[in-house]
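From first to last, the protein sequence lines stand for chains A and B.
Okay, so the first sequence: first residue is 1 according to my numbering, each after it adds one.
Okay, so the second sequence: first residue is 113 according to my numbering, each after it adds one.
Each hint should be verified, as a subset may be incorrect.
[Said to hold, decoys possible] Here are the simulated SDA-like pairs of lysine to any residue, each with C-alpha atoms no more than 25 Å apart in a straight line:
{"id": "1", "chain 1": "A", "residue 1": "K99", "chain 2": "B", "residue 2": "N216"}
{"id": "2", "chain 1": "A", "residue 1": "K104", "chain 2": "B", "residue 2": "E181"}
{"id": "3", "chain 1": "B", "residue 1": "K183", "chain 2": "A", "residue 2": "E42"}
{"id": "4", "chain 1": "A", "residue 1": "K77", "chain 2": "A", "residue 2": "G1"}
{"id": "5", "chain 1": "A", "residue 1": "K99", "chain 2": "B", "residue 2": "G115"}
{"id": "6", "chain 1": "A", "residue 1": "K77", "chain 2": "A", "residue 2": "Y39"}
{"id": "7", "chain 1": "A", "residue 1": "K99", "chain 2": "B", "residue 2": "E181"}
{"id": "8", "chain 1": "B", "residue 1": "K169", "chain 2": "B", "residue 2": "R208"}
{"id": "9", "chain 1": "A", "residue 1": "K99", "chain 2": "A", "residue 2": "K77"}
{"id": "10", "chain 1": "A", "residue 1": "K60", "chain 2": "B", "residue 2": "G114"}
{"id": "11", "chain 1": "A", "residue 1": "K104", "chain 2": "B", "residue 2": "G152"}
{"id": "12", "chain 1": "B", "residue 1": "K121", "chain 2": "A", "residue 2": "R107"}
{"id": "13", "chain 1": "A", "residue 1": "K99", "chain 2": "B", "residue 2": "G128"}
{"id": "14", "chain 1": "A", "residue 1": "K99", "chain 2": "B", "residue 2": "T117"}
{"id": "15", "chain 1": "A", "residue 1": "K77", "chain 2": "A", "residue 2": "D55"}
{"id": "16", "chain 1": "A", "residue 1": "K99", "chain 2": "B", "residue 2": "N138"}
{"id": "17", "chain 1": "A", "residue 1": "K104", "chain 2": "A", "residue 2": "S83"}
{"id": "18", "chain 1": "A", "residue 1": "K99", "chain 2": "B", "residue 2": "R125"}
{"id": "19", "chain 1": "B", "residue 1": "K121", "chain 2": "B", "residue 2": "D142"}
{"id": "20", "chain 1": "A", "residue 1": "K99", "chain 2": "B", "residue 2": "F167"}
{"id": "21", "chain 1": "A", "residue 1": "K99", "chain 2": "B", "residue 2": "R156"}
{"id": "22", "chain 1": "A", "residue 1": "K77", "chain 2": "B", "residue 2": "D142"}
{"id": "23", "chain 1": "A", "residue 1": "K60", "chain 2": "A", "residue 2": "L48"}
{"id": "24", "chain 1": "A", "residue 1": "K99", "chain 2": "B", "residue 2": "P151"}
{"id": "25", "chain 1": "A", "residue 1": "K104", "chain 2": "B", "residue 2": "D150"}
{"id": "26", "chain 1": "B", "residue 1": "K183", "chain 2": "A", "residue 2": "G96"}
{"id": "27", "chain 1": "B", "residue 1": "K169", "chain 2": "A", "residue 2": "G1"}
{"id": "28", "chain 1": "A", "residue 1": "K60", "chain 2": "A", "residue 2": "Q45"}
Derived by calculation from the structure, the hints in this document are not laboratory data.
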Amino acid sequence: GDSVTQMEGPVTLSEEAFLTINCTYTATGYPSLFWYVQYPGEGLQLLLKATKADDKGSNKGFEATYRKETTSFHLEKGSVQVSDSAVYFCALRVIGDDKIIFGKGTRLHILP
Amino acid sequence: DGGITQSPKYLFRKEGQNVTLSCEQNLNHDAMYWYRQDPGQGLRLIYYSQIVNDFQKGDIAEGYSVSREKKESFPLTVTSAQKNPTAFYLCASSIRPDTDRIINYGYTFGSGTRLTVV
Chain A
1 GDSVTQMEGP
11 VTLSEEAFLT
21 INCTYTATGY
31 PSLFWYVQYP
41 GEGLQLLLKA
51 TKADDKGSNK
61 GFEATYRKET
71 TSFHLEKGSV
81 QVSDSAVYFC
91 ALRVIGDDKI
101 IFGKGTRLHI
111 LP
Chain B
113 DGGITQSPKY
123 LFRKEGQNVT
133 LSCEQNLNHD
143 AMYWYRQDPG
153 QGLRLIYYSQ
163 IVNDFQKGDI
173 AEGYSVSREK
183 KESFPLTVTS
193 AQKNPTAFYL
203 CASSIRPDTD
213 RIINYGYTFG
223 SGTRLTVV
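Next up, chain B with everything else stripped away, as it sits in the complex:
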């Protein structure tokens, strides 16, 4: 079955360390997204990518970095510059937005990674 996989499910980081969260999809989707969710809060967009080798900052990109070297993969690195990284991170994918068909499509989400700074 096609889907989107995030790993690991739980991640612990020491202060000052960089960590990378994995997101892989086999849905043949062009667009991928990273969101942050804090307890009791909604979704905040970190980065998104519509095509391989291209990505754009979202609303809260500071302290994060991404790469999009393959269509299937969109890893997120939480750097030591991110002052409050403890959160639940969600990856999503979608067909390419620049088509009329996009109006019928939502996102497919992964099951999330919970990052805790210790």
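So here's chain A without its partners, still in its complex pose:
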């Protein structure tokens, strides 16, 4: 079945460091890909998305490129801030499927 695998956390970085959170997927159809962010005590918010191969989603300095050849959608940010500390979820959706498939989440800690 369809699935999402993302790197286990927690990931701890210093402020202004470069961030990569790896995400790979398996899908029988042609999925859309998403990154969600969850700040402490809150629900999930859509961070960015990409709906076809080679699309780049971007928001708040975060970027992810839909790589069909490697079935990946890695999240990157050039210079992280303390306020980026949160849990990040990679997810996919396939036409005809009534549910989004989520990865297990990666907790990110940014040290000042």
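Assemble chain B onto chain A, guided by the hints.
Frame of chain A; chain B shown alone:
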């Protein structure tokens, strides 16, 4: 502004009691979902509904019940049969899945309800 509202934010339950968590949306979304999140864990699907008066079990439906009498509302009841109900509960909504447009849409989430059994 359109959105999805969960209430209450914090809820305390005595063992043996049923409690109902509220989820209301004004986004005109057809589909609604309930997830459970335990500390340090991912999301686990409890129930979902694609249309009024219809719903399906998710991966961990035992000990929970839902209703979908109105498009805007999808309350979740945590029954006394749920052995370990302490968790963070998230409600989400989306446009109806059986359209080609769905590929462009994710979920909109509420801010969650933290349930604690005392």
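Checking each numbered hint in turn, tell me which of them this model violates, lowest number first.
Per hint list: 2, 4, 9, 13, 18 and 22 violated.
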